[in-house]
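Enquirer: These are the residues of each chain, in order.
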Amino acid sequence: MEARDLINLAYVAAAILFVFGIKMLGSADTARRGNIVSGLGMLLAVVVTLADRSILSYSWILAGLLVGASIGAVAARKVQMTGMPELVALFNGFGGLASLLVAWAELEKLNGAANLLGVVQPVPHFSGVVIYLATLIGGVTFTGSVFAYAKLSGKVGGSAVVFPGQKAFNVLLLLAIFGIGVAFVWIPNPEHAYIFFLVGVGLSLLFGVMGVLPIGGGDMPVVISLLNSLSGLAASAAGFVINNNVLIVAGCLVGASGFILTVIMCKAMNRSLGNVLFSGFGSSAQAAGDDDGREPKAISVDDAYYVLEAARSVVFIPGYGMAVAQAQHVVKELAELLENNGVESNFAIHPVAGRMPGHMNVLLAEADVEYEKLLEMDTVNPMMPMVDVAIVIGANDVVNPAAAEDPSSPIYGMPIIEAHKAKTVFVLKRGQGKGFSGLVNKLFTLDNTCMIYGDAKATISSLVAALKD
Amino acid sequence: MDLILLFFIFVLSAFLGLELISKVPSQLHTPLMSGSNAISGITIVGALVATGAEAQGSLGMILGFVGLVLATINVVGGYMVTDRMLQMFKKKEK
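Top to bottom, those sequences are chains E and W. Here numbering that gives the first Met the number 0 is used: the first residue of the first sequence is 0, the next is one more, and so on. Here numbering that gives the first Met the number 0 is used: the first residue of the second sequence is 0, the next is one more, and so on.
Hints listed in this document are in silico derivations from the structure and should not be mistaken for laboratory results. A few of these clues could be false.
[Claimed, not checked] If you want the footprint, here are the derived chain E segments under chain W, 3+ residues with CB under 8 Å:
id: 1; segment: 16-30
id: 2; segment: 104-114
id: 3; segment: 250-264
Fair warning: this is a prediction, and the values are worked out from it, not measured in the lab. Even glycine gets a Cβ: it sits at the ideal position worked out from N, Cα and C.
Model the full structure from these sequences, guided by the hints.
Expert: Okay, here's the thing in structure tokens:
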């Protein structure tokens, strides 16, 4: 058997490890082992690739591996759990760019080989098409993810940006990308084709930014999942480019898992993917919602304490605000204190609360909240009328009753956590501003709702202090 | 023929992926995402070959090298951060 065959057999083994790894990631008991299994698959793929005959020099490879591994390891260790969406977006972008570069390097290799032979030879059509595809998907993933990272980390404004003619512009951009791709593949002169290729790279990078531009904060879970899916597809396309099955299989698995998450997120908002991507939801142009003139009433922490002391059951409803305030640890402390006083306390998690799928689960797991206390929307809603106090921490649209009651509301039809059915609702909020959708939240002006303004962490800390006395 | 064969593999993997992951508890959404994200760093295989096989200093080799660094960040960082998250999930089950 030749070395080439052995390498390919090892790739098959790596692909199998990925399949098992990703399967195990899907259930709580096996998830951690699953991650390790897929990591072993990766290690195997890398090690056997190093045995590839065509590799002449290892010095740069070693350097690249060392630099990349140290940066990755430091980032993975240092990141705070609240910063997880940004980090995942950034890693995603790196993967996309790497696929783009791999495709580009292959193009260089093909052109270089032709030059060596001293012939003017265009790149074969099939190679041209897949190189362009990998470049396109990789490029969109890269700038889209980096832009999403910038939005999430507050380096640029996080809200949706729309401008007149945006859709037309994006359609034109897409047509241009397509047209340039056709030109790149079918122009016989390699030098001209190369220029088209570079323009294509530039346009796909631009398209990534334009695609994320009209998407605001609360829709981020959808975008992150979609970019996740794209980074897999980019790797898969790169697999077509270098004719490598393990890239195709692994990339495609990631593409599928990202796609499933995207669908789950869209369902949780009762909106189509097209609506999320193109509507510019939450931009100022659309901000509406009727203001019935009622003012939300605020109460002090002391008053809140008396209500809490008398309560028998409490539900916490966390949102992105809890992540921003880094309040997960004090929230857990409060829940624990309440439990010790014989109060039943649970957490209601909306699927799109936060900025990435499962964001709240990660934060509360970090704070050591028991898994059994994290209730999904369908479980918690029937319980709501029996709940004495619902404490909304930095969540907004996911508890807006307008989504259930007001057909004119832009978020009408989105499943919500029915906080308003609880006997008393506390809403912890930094200020009187609106949520990401820019809508007036009808929950805030209900008779059974009390607002507690201020930093969520400080508010909860004082409640904890009061309960301890 | 090559194209058909590769495409065949692609389509089968897509269906396999959709079948494998169709039901995921919401608790695991983030780890699944970051774990699968690490897998998408498999493009590292292509970057390795490009870095090692091309003449040093050629554009192809430089592109491969940058790709290699980025893909390694994606792979190492992705697996480590996923493990860190899953570790937190684990310790509560004692």
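Enquirer: With reference to the structure, classify each hint as holding or not holding.
Expert: Hints versus structure:
no. : hint    : verdict
1   : 16-30   : holds (count 10)
2   : 104-114 : holds (count 5)
3   : 250-264 : holds (count 12)
In this structure, every one of the numbered hints holds.
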